[in-house]
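J.: Chain residues, written in single-letter form:
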Amino acid sequence: EAQVTQNPRYLITVTGKKLTVTCSQNMNHEYMSWYRQDPGLGLRQIYYSMNVEVTDKGDVPEGYKVSRKEKRNFPLILESPSPNQTSLYFCASSDIAGKTEAFFGQGTRLTVV
Amino acid sequence: DAKTTQPNSMESNEEEPVHLPCNHSTISGTDYIHWYRQLPSQGPEYVIHGLTSNVNNRMASLAIAEDRKSSTLILHRATLRDAAVYYCILSPGTYKYIFGTGTRLKVLA
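Residue numbers (the working numbering), protein chains in the order written: chain C, 6 to 118; chain F, 24 to 132.
Hints are supplied without guarantee of correctness; some may be wrong.
Partial list, computed: chain F residues near chain C (C-beta under 10 Å) [said to hold, decoys possible]:
{"#": "1", "residue": "Tyr-55"}
{"#": "2", "residue": "His-57"}
{"#": "3", "residue": "Tyr-59"}
{"#": "4", "residue": "Gly-66"}
{"#": "5", "residue": "Thr-75"}
{"#": "6", "residue": "Ser-76"}
{"#": "7", "residue": "Asn-77"}
{"#": "8", "residue": "Val-78"}
{"#": "9", "residue": "Asn-79"}
{"#": "10", "residue": "Ala-101"}
{"#": "11", "residue": "Leu-103"}
{"#": "12", "residue": "Ala-106"}
{"#": "13", "residue": "Tyr-110"}
{"#": "14", "residue": "Tyr-120"}
{"#": "15", "residue": "Ile-121"}
{"#": "16", "residue": "Thr-124"}
Bear in mind the hints are in silico, worked out from the structure with no lab data behind them. Cβ atoms here follow ideal geometry from the backbone N, Cα and C, with glycine treated the same way.
Work out the full structure, taking the sequences as your base and the hints as a guide.
T.: Structural data, given as structure tokens:
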């Protein structure tokens, strides 16, 4: 089954404690991206990756890092989380950016206290 | 980056067609028009996409204006399971997706 899998689904952490949210896809897609969703603001793109070792900033990259060492994985790293990063996060992948269907993960609800 | 404008909310009766509008007056020639929907507590789900011509699939139809400055997502027979937030998105050559806040569709039984 075609899937984008995020882990964990829920996470509560403290300010400043580094964390990683994993994202994995099983469709051999080249394009992957991360979004955050906040009430009243819709989904905003954090980072995206066109292919292995190729990443670029979206609209709200501050406070986040990503890496793309393998095609299937695109982890989101928060080196020093702050309360304003409390949000619902989604990972997505697609075969060709913008021209084909994108698949989204089920989301990770992060709370930073 | 090209942006889209959608009504905040719409209502429809069950079993009736629904037309969800989207304005994208600054669309460029290479932008694809995508529609996704998000059900409560789930990730966005692909509905349909197109470039210039109208498109049909098992879920919906996409009608694109001749000047491409607007489009309409058509759900032919709304069901209660179609109640969701619908996002109209342009996918520009820079590969940045701009979602906006979407249209919340309420389906009345």
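J.: Is the hint on Tyr-59(F) kept, meaning its closest Cβ partner in chain C is under 10 Å away?
T.: holds, 8 Å
J.: Is the interface hint for Asn-79(F) satisfied, with its Cβ closer than 10 Å to some Cβ of chain C?
T.: Violated, because the Cβ-Cβ distance from Asn-79(F) to chain C comes to roughly 15 Å (cut-off 10 Å).
J.: Hint validation: Leu-103(F) versus chain C, beta carbon distance must be below 10 Å. Holds or violated?
T.: Violated: closest Cβ of chain C sits about 22 Å from Leu-103(F), beyond 10 Å.
J.: Against chain C, with CB atoms and a cut of 10 Å, does the hint on Ile-121(F) hold up?
T.: holds, 7 Å
J.: Does Ser-76(F) pass the interface check with chain C, least Cβ-Cβ distance below 10 Å?
T.: violated, 14 Å
J.: Double-check Val-78(F) for me: the hint is only fine if its C-beta lies closer than 10 Å to a C-beta in chain C.
T.: Status violated, d = 12 Å.
J.: Was the hint right that Tyr-120(F) lines chain C, CB cutoff 10 Å?
T.: holds, 6 Å
J.: Can the hint on Asn-77(F) be confirmed by a CB-to-CB distance to chain C that is less than 10 Å?
T.: violated, 17 Å
J.: Closer than 10 Å between Cβ atoms is the bar; does Ala-106(F) clear it against chain C? Give me holds or violated.
T.: It is violated, given that the least Cβ distance between Ala-106(F) and chain C is near 18 Å, above 10 Å.
J.: Are Thr-124(F) and chain C close enough, Cβ to Cβ, to be under 10 Å, as the hint says?
T.: holds, 4 Å
J.: Taking the least C-beta to C-beta distance, is Thr-75(F) closer than 10 Å to chain C?
T.: violated, 13 Å
J.: Close enough to count: is the Cβ of Tyr-110(F) nearer than 10 Å to one in chain C?
T.: holds, 7 Å
Checked against the numbered hints given earlier, the structure breaks hints 5, 6, 7, 8, 9, 10, 11, 12 and satisfies all the rest.
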